[in-house]
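One-letter residues, chain by chain:
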Amino acid sequence: MPGPILLALALMAGQDAPSKTWTVPRTPDGHPDLSGTYDTATLTPLERPAQFGDKLFLTAEEAAAIEKEELNLSEDLARPSDPEREAPPVGGDGSPGPYGNVGGYNFFWIDRGTEVFELDGRRRTSIIVDPQNGQLPPLTLEASKRAAVRRALYKENAGENTGEAWWVEIEGPGPYDDPEQRPLGERCLLGFGSTSGPPSLPVLYNNLKRIVQTRDYVVILVEMVHDARIIPLHREHAPKEIQKWMGDSVGHWEGDTLVVDTTNFGKTPALYSASENLHVVERFTRIAEDTILYQFTVEDPTVWTKPWSGEYPWVSTDAPLYEYACHEANYSFGGILRGARLLEAEAAERRK
Amino acid sequence: MRSYPAVVPIAFGLFLAVGVPASAHHAFGAEFDPNRPVLLKGAITKVEWVNPHAWIHVAVEKDDGTKEVWMVEAGTPNTLLRRGFTKDSLLPGTVITVDGYQSKDRSNRANGRDMTFPDGTKLFMGSSGTGAPKDGKDPTEPKKPKQ
Amino acid sequence: MVEGQANAYRAPRASDGHPDLNGIWQALNTANYDLETHMARAAMALREGPYGPLPAADVLPLGAVGAVPGGLSVVEGGAIPYRPEALAKKKENQENWLTRDPEIHCYLPGVPRATYLPYPFQIFQSENGILITYEYAGAVRDVYLNDPGPPPVESWMGQSVGRWEGETLVVEVTGLNDRTWFDRSGNFHSAQLRVVERYTRVAPDHLLYEATLEDPEVFTRPWTIRMPLYRRVEPGAQLFDFKCVEFVEELMYGQYRRRPIAR
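Chain order of the listed sequences is A, B and C.
First residue of the first sequence: 4, per the numbering used here; consecutive thereafter.
First residue of the second sequence: 741, per the numbering used here; consecutive thereafter.
First residue of the third sequence: 4, per the numbering used here; consecutive thereafter.
None of these hints come from the bench; they were simulated from the model.
We put the beta carbon where it would ideally sit given N, CA and C, even for glycine.
Keep in mind that a hint or two might mislead.
Straight line, CA to CA, 25 Å or less: simulated PhoX-like cross-link-like pairs of lysine-lysine [claimed, not checked]: (1) K786/B / K802/B; (2) K270/A / K246/C; (3) K827/B / K802/B; (4) K355/A / K309/A; (5) K246/C / K786/B; (6) K243/A / K246/C; (7) K148/A / K309/A; (8) K58/A / K309/A; (9) K807/B / K781/B; (10) K148/A / K158/A; (11) K58/A / K71/A; (12) K246/C / K247/A.
Derived Cβ-Cβ restraints for the label pairs, each shown as a range [what the hints assert, rightly or not]: (13) H240/A / T785/B: 33 to 41 Å; (14) R262/C / K355/A: 16 to 24 Å; (15) H108/C / P140/A: 38 to 46 Å; (16) G33/A / Y12/C: 26 to 34 Å; (17) N848/B / P238/C: 53 to 61 Å; (18) I264/C / P140/A: 34 to 42 Å; (19) H255/A / T785/B: 48 to 56 Å; (20) P92/A / P225/C: 54 to 62 Å; (21) N848/B / K243/A: 46 to 54 Å.
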């Protein structure tokens with residue numbers, strides 16, 4: 004039995020007896036009803052911050068402190084700005100990561116959750132439960148080399164933005180040579196950050212999922228980029244030559260848990276670093292009227308030295324998904340490529 | 741009132757609150773030039789409530805008195821729609837102030853690093869202008885639509 | 004097509020107690036080329052030749068693959084009732100098909116075009132919801148069973164609200180933007196468009212599909228299209244990926260490559 008299941012069972016063993024007033028609702032064919040709309044945002048990160056070591060759980064006080072900090076941040080960023088403010092500094096404003104040294108945009112566009120999630124009455128330090136340190140396992144040698152090359156090339160995506168075409172000085176490809184090398188989210192092929200996955204992971208916003216369940220299929224509609232994961236329940240995997248952006252998923256019921264097995268990924272799955280050898284097993288179990296326990300195990304022996312697993316709750320919401328048409332108004336994409344060409348031309352001019 | 745950057749830290753306090761890096765988000769660093777800051781003040785001419793980014797068109801008066809239209813890149817409308825805002829929540833004619841950086845392709849585009857009304861209050865905060873948007877304290881905050 | 008026998012067939016029930024629309028369906032006509040009656044012709048994009056229209060240079064190498072098959076109108080009454088100024092716009096669209104048809108850029112197709120594009124779509128129907136997923140561009144529609152009120156913004160696929168009228172699923176679509184076409188012949192609409200679809204099982208492997216279109220800005224009156232939809236019955240039938248964003252990147256962004264490919 005995979006780690007997360009053992010862990011979940013172990014945790015539940017220490018719980019109070021389940022409430023007698025709630026029984027899992029079932030569809031006419033007798034299976035648990037997983038349908039609904041869920042907001043999967045959470046403050047708990049995928050990987051555990053190093054200072055927690057092997058600690059999977061937060062105390063109530065620790066959780067409250069983190070949530071208060073997020074609330075303070077959100078209130079701070081909602082305060083009025085100086086009406087006499089000037090333009091931000093030349094050279095950038097130092098904002099890190101995806102905010103790209105240019106400050107991104109206002110916090111009110113973001114919706115990354117307000118709480119660290121709770122399972123079995125306890126708060127979690129990470130989504131990853133295995134390895135025990137809550138971190139991704141080490142990469143294989145090949146994957147490490149690829150990651151290093153990517154890190155060096157895609158500097159602006161990590162926040163190192165100087166506004167110059169530094170790549171004209173290096174041998175080999177630059178980060179903006181061709182549309183095909185840009186991240187899938189930027190191209191509007193899939194939502195960024197494995198929001199659809201599989202496995203599906205929380206991202207900065209639009210973490211909503213809609214599940215509709217029939218006798219023969221479970222469909223998970225992912226808000227970004229309006230992707231429908233169609234999971235047949237009475238079928239084998241498609242032949243190997245059929246590849247899909249989100250892989251080929253087949254599901255079956257193991258008791259009251261829907262088990263979804265996904266293979267047949269293309270060369271670049273949504274999950275960062277993964278290859279076409281990716282294999283994901285997900286488990287969906289309704290554990291409360293408004294909660295589905297979402298568990299997953301990731302295997303890609305050409306990328307990670309061992310499988311890794313995680314879990315977090317999908318919590319019901321009254322809010323609907325809205326259309327996320329992406330390609331149709333992807334003005335930024337042209338801007339990014341044109342900008343790179345312009346900066347390269349300027350660099351060439353300076354060289355003369 | 742201090743001039744507070746509209747920057748969202750990636751890591752603050754104890755917790756890293758974003759997912760896997762590099763594929764996270766459309767990269768502002770790829771699109772906007774840190775050497776070309778802008779401050780735009782003017783009336784909105786059009787709001788495109790689209791994904792992956794809403795775009796707010798602003799007519800800015802230049803030094804010579806003529807107007808030029810800038811496109812300001814904003815976030816996903818879906819977040820705001822779920823808080824009860826609609827396409828009528830920000831109308832042409834509304835005067836706003838935007839600071840940000842110009843697009844690397846040198847077009848009249850900039851990121852909406854901080855978008856406010858002329859008095860400094862943030863857009864889409866409800867009428868109170870202060871307080872966390874989702875704490876329910878603002879009685880004029882539009883209600884969430886039900887499915 | 005089982006004309007006249009529509010009332011004789013009683014479809015099996017889905018788990019929601021209504022006629023079961025679950026399955027993979029596809030239109031088998033040329034409506035996506037032209038909703039109105041059309042003769043076969045050499046190409047979608049034409050230019051004048053000495054004896055009549057010839058394929059435009061851009062599509063000439065496609066030869067017969069680029070030719071347009073003939074087909075009957077799916078419009079009740081035959082013709083789309085354009086207002087005169089709108090008809091002029093339709094003709095202009097048609098003349099500029101290559102640069103204006105949103106299908107060429109793989110944009111979301113809107114309603115009702117999504118139904119009769121030459122790609123399958125799948126209906127998922129149960130007591131907990133109705134989803135329609137289209138192979139083309141991965142378009143999806145969540146058919147709400149409770150009306151949430153007017154949509155807060157316009158969208159490519161609109162907001163769909165469904166109800167059952169006996170054996171027919173009636174879906175009202177509002178909030179469509181004005182960016183989609185009805186077909187490749189420049190037939191278009193404004194953001195006032197309201198669509199009422201009707202899906203009825205008429206035989207084990209046939210759906211009857213009707214859509215009434217109302218757009219007072221463009222048309223003089225509401226008009227209706229009607230066509231059968233066919234179940235994909237082969238074993239293992241499934242939707243493939245056809246996102247098709249990656250297929251149009253060269254078209255849309257190729258000139259911005261660091262080393263553009265010669266055209």
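Verification of the supplied hints:
This hinted pair checks out: K786/B and K802/B have alpha carbons roughly 19 Å apart, not beyond 25 Å. Distance restraint check for K270/A and K246/C: the Cα-Cα separation of roughly 16 Å lies within the 25 Å cut-off, and the hinted pair is therefore satisfied. Only pairs whose Cα atoms come within 25 Å are accepted, and K827/B paired with K802/B is rejected, the gap being roughly 28 Å. A distance of roughly 51 Å separates the Cα atoms of K355/A and K309/A; the hinted pair therefore is violated under the 25 Å criterion.
Proposed proximity of K246/C and K786/B is contradicted: the alpha carbons are some 30 Å apart, above 25 Å. Restraint check: the Cα-Cα separation between K243/A and K246/C comes to about 20 Å, which is no more than 25 Å; the hinted pair holds. Between K148/A and K309/A the CA atoms are separated by roughly 17 Å; this keeps the pair inside 25 Å, and the hint holds. Taking the CA atoms of K58/A and K309/A, the gap is about 20 Å. The hint holds against a cut of 25 Å.
In summary, the hint linking K807/B to K781/B is supported, as the alpha carbons are separated by about 11 Å, within the 25 Å threshold. Proximity of K148/A to K158/A is assessed by CA-CA distance (about 16 Å); at most 25 Å being required, the pair is judged to hold. Pair hint K58/A plus K71/A holds up; C-alpha atoms about 21 Å apart against a cutoff of 25 Å. Note on K246/C and K247/A: the hinted pairing holds, with a Cα-Cα distance of about 10 Å set against a maximum of 25 Å.
The given range of 33 to 41 Å is broken by H240/A and T785/B, whose C-beta atoms sit roughly 52 Å from each other. A beta carbon spacing of about 20 Å between R262/C and K355/A agrees with the range 16 to 24 Å that was offered as a hint. The supplied range of 38 to 46 Å is met by H108/C and P140/A, whose beta-carbon atoms lie about 41 Å from each other. At about 29 Å, the CB distance of G33/A to Y12/C agrees with the hint of 26 to 34 Å.
For the pair N848/B and P238/C, the supplied restraint of 53 to 61 Å holds, since their beta-carbon distance comes to about 56 Å. A C-beta distance of roughly 40 Å is found between I264/C and P140/A, which places it inside the suggested range of 34 to 42 Å. Range check, H255/A to T785/B: Cβ separation about 55 Å, and the 48 to 56 Å hint holds. As the Cβ distance of P92/A to P225/C is approximately 58 Å, the hint placing it in 54 to 62 Å holds.
Separation of N848/B from K243/A is about 49 Å and conforms to the stated range, judged on CB atoms against 46 to 54 Å.
The structure does not agree with the numbered hints 3, 4, 5, 13 stated previously, though it agrees with the rest.
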